[in-house]
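There are 2 protein chains.
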Amino acid sequence: MGNQPTHCSIESTLTAIGDRWTLLILRDLFRGVRRFEQLRRDLGIAKNILSDRLQKLAEANIILSRPYQSNPVRNEYYLTDKGKDLSPSLIALMHWGDRWYAGGSPPTILTHATCDTPLTQITHCVECSIEVKPEEISSRPGKRHMHFKSPVGNQ
Amino acid sequence: MGNQPTHCSIESTLTAIGDRWTLLILRDLFRGVRRFEQLRRDLGIAKNILSDRLQKLAEANIILSRPYQSNPVRNEYYLTDKGKDLSPSLIALMHWGDRWYAGGSPPTILTHATCDTPLTQITHCVECSIEVKPEEISSRPGKRHMHFKSPVGNQ
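Protein sequences, first through last, are from chains A and B.
First residue of the first sequence? That's 1 in this note's numbering, and the numbers climb one at a time after it.
First residue of the second sequence? That's 1 in this note's numbering, and the numbers climb one at a time after it.
In isolation and in its complexed conformation, chain A is listed as follows:
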């Protein structure tokens, strides 16, 4: 898929990362887990699947590897800017799990490092300076996609 425009950006995203293992690998990289063996143990994932997912993430420029040992070569894996840009997606998925599966007690609280206040993620309108609820979301096709319907608006 590369960087070719598609008819739906959610589909583009899922093509790149829409796999349970891939998302858990990304979660661990955000946590600072960097090495193959650490990832394998932490996730309980088969080596061949982990290798495959890491290779696909590197090919998509979502992660990059840096050797930490030369003989034999061993790599650490880091998020690229494109990978770090998935932070809002993982936060949104995490907060939904907090609201619906944490029994009122989120396992982890993400905070603003400088003041320790729990983070809030909002969808808002910069024009009206208000938070926009799902039912207030509309949509229109982008300039080059006048034929397409909204993926998440118009509920």
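These aren't lab readings, by the way, just hints derived from the structure by calculation.
Any given hint could turn out to be false.
Any copy will do: because identical chains look the same in the list, a pair fits if it lies in one copy or spans two.
As the list claims (entries may be wrong) - DSSO-like, lysine-lysine: derived pairs with alpha carbons at most 30 Å apart:
1. Lys133 - Lys47
2. Lys143 - Lys84
3. Lys143 - Lys47
4. Lys56 - Lys133
5. Lys82 - Lys143
6. Lys133 - Lys84
7. Lys84 - Lys47
8. Lys82 - Lys47
9. Lys82 - Lys133
Just so it is clear, the structure is predicted and the values come from calculations on it, not from any experiment.
Place chain B on chain A using the hints.
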């Protein structure tokens, strides 16, 4: 998994919806696609897989079905409040795809229905009233999970 607290809310979320087909079905429901045949055609998904995913989503109270025809019974599928609460996650996944795969021209623009301004999704600190960048995110374990590391903070 039900509503049992787990060690990671991202994992809880992925257990419920962390499947490419499931996320595409949810996208279509947000778009207003309601019927089995419409979903099957739009997604090009096998009937048995679509049935399985719809059943799992209903069991998780993310969607509900309402008959629109009685003989034979045919259902339409709707998002529950829990399902609609996935809107921020789908918006985040969509915006990432817009930024990295849309070639500078997002297929769809989500807007504030009342003023047509494109939506902005931000992670912010209500205490400092500022947007929080990924590198400014820290984390701490929740009360009942003092042993656990951050899933997305501490980059």
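Consistency of the hints with the structure:
| no. | hint | verdict |
| --- | --- | --- |
| 1 | Lys133 - Lys47 | neither (42 Å within a copy, 33 Å between copies) |
| 2 | Lys143 - Lys84 | both (28 Å within a copy, 27 Å between copies) |
| 3 | Lys143 - Lys47 | neither (44 Å within a copy, 34 Å between copies) |
| 4 | Lys56 - Lys133 | between (35 Å within a copy, 26 Å between copies) |
| 5 | Lys82 - Lys143 | within (24 Å within a copy, 33 Å between copies) |
| 6 | Lys133 - Lys84 | both (26 Å within a copy, 10 Å between copies) |
| 7 | Lys84 - Lys47 | within (24 Å within a copy, 36 Å between copies) |
| 8 | Lys82 - Lys47 | within (25 Å within a copy, 35 Å between copies) |
| 9 | Lys82 - Lys133 | both (27 Å within a copy, 14 Å between copies) |
In summary, the numbered hints that this structure violates are 1 and 3.
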